[in-house]
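Colleague: Chain by chain, the residues run as shown.
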Amino acid sequence: MQRIGVFICWCGSNIAATVDVERVAEIMKSEPGVVYSANYQYMCSENGQQLIKQAIKEHNLTGIVVGACSPRMHEATFRKAAEAAGLNPYMVEIANIREHCSWIHKDMEEATEKAVVLVRTAIAKVKLNAPLTAGESPVVKRALVIGGGIAGIQAALDIADAGFEVDIVEKNATIGGRMAQLDKTFPTLDCSACILTPKMVDCAQHEKIDILSYSEIEDVKGFVGNFSVTIRKKARYVDETKCTGCKICMEKCPSKKGLNTFNMGLNTRPAIHIPFAQAIPNVAVIDPEQCIKLKTGKCGICQKFCGVGAIDYEQKDTFIERQYGAIVVATGFKPISLESFNEYGYDDNKDVITSLELERLMNAAGPTNGVLLRPSDGEHPKVITFIQCVGSRDTSGCGKPYCSKVCCMYTAKHAMLIREKYPDTEVHVFYIDVRTPGKNYDEFFRRAVEQYGVDYIKGMVGKVYNENGKLMVQGSNLIDNEQVTIESDLVVLAAAIEPEPSVRKIATLLTASIDTNNFLTESHAKLRPVESPTAGVYLAGMCQGPKDIPETVSQASACAAKVIGLLVKDKLKTNPCVATPDEMMCNGCSQCANVCAYGAITYIDKEFRLGGGKTEVRRVASVNPAVCQGCGACTVTCPSGAMDLKGFSSKQIMSEVEAICKK
Amino acid sequence: MKISYYPGCTLKTKAKDLDVTARLCAKALGVEMEEIENWQCCGAVYPMATDEIATKLSAVRALDHAKHNGGKLLTLCSACHNVIKRTNEDMKTNDDIRFRANNYLQLDEPYGGEAEVLHYLEMLKTVVGFDNIKKAVVNPVKRKIGAYYGCLLLRPSGVMAFDNPENPTIIEDFIRAIGGTPVIYPFRNECCGAYVSLKNSDLPKQKSKKVLMSAKEKGAEEIITACPLCLYNLQVNGEGTLPVKYFTELLAEALGVQV
Amino acid sequence: MQEVTTEKKEFVPNIVAFCCNWCSYAGADLAGSSRLSYPANVKIIRVPCSCRVNPSFILKAYQQGADGVILCGCHPGDCHYVTGNYYARRRMSLLFSFLNYMGIEKERTRVEWVSAAEGQRFSAVMNDFVKTVTALGENRKLTDLRVKEGE
Amino acid sequence: MTKEEYVETINRISGTDVRKCMKCGKCSGRCPAFKDMDIKPHQFVSLLVKGDVDALLESKAIWHCLSCMACVERCPRGVAPAAVVEAVRDTVVRMQGNNGVKAEDIPPVVDELIPQQLLVSAYRKYNK
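So the protein sequences, as listed, match chains A, B, C and D. Residues 10 to 672 in the numbering used here are what the first sequence spells out, letter by letter. Residues 2 to 260 in the numbering used here are what the second sequence spells out, letter by letter. Residues 254 to 404 in the numbering used here are what the third sequence spells out, letter by letter. Residues 243 to 370 in the numbering used here are what the fourth sequence spells out, letter by letter.
Hints in this document: simulated from the structure, not taken from any laboratory. Being a predicted model, the structure only gives us computed values, none of them experimental. Glycine included, each C-beta is placed from N, C-alpha and C at the ideal position. Please note: incorrect hints may appear among the correct ones.
[As the list claims (entries may be wrong)] The following label-pair restraints were derived from C-beta to C-beta distances:
1) B/Glu35 with D/Asp353: 55 to 61 Å
2) C/Phe351 with A/Ile329: 51 to 57 Å
3) B/Gly220 with A/Cys412: 38 to 44 Å
4) B/Glu35 with D/Gly339: 40 to 46 Å
[Stated by the list, open to error] Listed next, the in silico DSBU-like pairs over lysine-lysine satisfying Cα-Cα at most 30 Å (straight line):
5) B/Lys210 with D/Lys302
6) A/Lys448 with A/Lys208
7) B/Lys219 with A/Lys479
8) D/Lys292 with A/Lys409
9) D/Lys277 with A/Lys479
10) A/Lys89 with A/Lys448
11) A/Lys467 with D/Lys292
[What the hints assert, rightly or not] Just a few of them, taken from the derived set where beta-carbon distance is under 7 Å, the chain D residues facing chain B:
12) Met311
13) Glu315
14) Glu328
15) Leu355
16) Leu360
17) Lys367
From just these sequences and the hints, can you work out the full model?
Modeller: In structure tokens, the structure reads:
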């Protein structure tokens, strides 16, 4: 038999001025199941709570209803009080008679009547409440960082510095990512390698960090605190433990015509190579598509010359399975393909290049040793025209609808560096808007115009074509309402950026949500910007949205703080209001698993007794309470009505509906 | 095989060369072009205004005829192709235009964009195949030839779906098939000046000149086109910069077809 | 027979509002703390997310004598559970066709997106909804007659 | 027609949403008839957004646009400036006495080579 206690709060005059609290408490005394009803000035006060605790003990209450302010305000307070008195905290229901009643109604009669209904509704619900206990799940004290660019490096260093083990999984042969390809960085123009490579070295030397380069995520199981991840270590045909990075193999390799992807394909490299001088790990890798030995079986020169016997043509992909408490996704970006932008002549003219290619052309370690030379004939370009927003802010279907955010600043940087280094060069920039929010950013851009005399043209380019060996850039100058054609030697396209395509597979494995542009979705755009809605998964850098290096580093450190906050706990408390299937009713149709945004539902084969000694194995849904967030999407989707939500069960809500409608 | 063919007004008069050579070459390649009955002039320009229905009806009539006669409608003149293809798209996707056009026409069965509009070049590529043309060539056209696309075949690319609007290849492939060397020049997809010639002859003069100069600079010895108006503008304004011909004339030459 | 003209009371509809915990319920709280009034015949049931609302809850409300039902959730794209409100929207559009098939006026059931910051909007929506349902009059179609016996 | 009605008509028959324009000027950067136009392609769009009907209706550019679709092809926002030009020209020529080509203008320009296509298209573009 249920023994319900009702407590009506005055909230000083906040409730009592419009709701006849004494009458409400009086009426509740005759409600079926109610054995105690009281009213008090401030239920949330120490004395009010004492009143509740005493009543629970004295009257042996099985459930309580507090008619007071919003549950968003004091539900936790009253639950704690109940718990202290030995009542399960989930046997407490709040009737919101302040925000939803006394504060919005003026007529005492009307408000009192409504308060009665609201309290009755809460009583109807609490009668169906069941004691719930928050579960616990253990935390594996190790983090996984996917992606070894500046975001992944920063997150890994911060987590490791706090004393936790971190693995960096990088799909390329070296960590460093896009930042390693850059020449200088805005707004201070310090050299990218100078600030990045020490951090790469820190990663390599950190006793808590394990770098798994040339590796990819193969499978992810588990949930927050206890992920189990399978990592594929791709065959690099070089024994990482033996290679000393001496580069003799690179010198001797006869197959030297592979495109150097680190230099954006602007020059070539041997089949066996170390991506760049400061690569971490400083270990060679063989491109199997290019290696003569791996393709034809004949050659083996590198093996012959390798002094430490590191070359292994028989090497195969290997798989490692490891456990992690938290995962940071930092997969980065790539510039978009320009195949839909033939009006800029990128495919037809060698001297039409992307900004990232220009970074390599200007980099001292690049294909031209930092001397700016046109790719077509190796001459110094005298007139350089930049085109911004190539594929950004494009809703026509050819490009991306978003602003890529970094192009305005790096174009200003390029223009400035060129004018600084080659003062006789004429530099033009076509722009739609110059967007430079950020500390010292607009000042930086203005310096390009005012100090370095870069010619900014408000307008867009319609066509780039080759005429008599010159690149003719035809565009509009909206300020002067003119159409201009600039005879240029080099054209640089600020191509839009997009998330690294491999992020799609990773997002699927992690059940992390992704938007229509393939950016990972954060849990809350303002207040939880580094967390994925999937518990235990955190987002850093460009994979979450366009951002520059300072922002990426901030986000990576924020991720690290979140990860550390998770890993210091030994156990995680789980929300007990989770979905739960009635296995006898479940028909194993998978609909609930399909709607679950968190991947909390899996299927298990379970043996059921049929009576008469017979058994039957059926496929039934199983909810992982550590992962379920309790939204209830699955409960409504379930065609057989097997799925229910603890704390908000169908029966409870139905009884609330009934209580409200009853006349 | 037989294919329904829409010649259009100019091909019956000033551009007879285009029509005659096309038919003979098609025949030589095993395709019979069957001129549809009672065709009417397409109007030469696609009416963009969303409330223009009457001006689209002749195209719809031709399309409906093709729908019942093999399902394909072959076009040759770039302007006809542009008008008919875009009108067909309207009939397929624009409920308002389809409803009103069918209301006017009162066909036995409403027309909803079922026919496929095929340009002669597309026919050469997909029905005959450039490889087969290559085999049929008896008199390779060993010249440097600039393909002139103009605007009507390519744009708007979403509807025309003819080729890459900035970097088309179909006429170049055709030139290779008949033994010529294609010359790629940047103004091959720029407008010649079109109908503006009638009111302002300066603009077409500049535009046509630019096209021809651009082709000449890249080494072209002659220009080919599929459009009678382009041919006219380039010839009149070119002042002999380069000879301009219909692409079918070169096809006839290569196939050894006697006109 | 009753004299309709003399006996008829002013019709006050009974309205059930399902509000998601994160946005709309908080929006209703804000309406309260901003003292933005709406009629007392609107009564709110708190659910974790609009996607927790089974269409059968709404049918149950009508069966039990509700005259109008409103479902409030986070704005599309703002769902605390990422996609819950999209599910709700899809389910509700199916329910609407069902209700239409049953001959229930479509204005009786409503879906509104109200954020936690939109106290003003919450109150405006409720005022408008009550006005609409009042104009429609009593819901008779789905009501279990036994429920109204007591009248 | 009132000014508002003109704006409504031009918007409707153009079939394009000019508010999507982000004022990048790519249409005018590509237009082959740019130098002959008193109002440039991007201005057709911005004047329609602004509702400046007088400027649009008085424009001489409507007689010089080639309808070559270069602007439509390249607009990053899916706006069709050429359709706005056409809508303005149609609005003008549909008014009494506004035909762009007079019958008496034709004989002097007709030469041996002139194709029917030119006459038909010019009539369709410039006349009611």
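Colleague: Against the structure, test the hints numbered earlier, and report the numbers of the ones violated in rising order.
Modeller: 1 and 10
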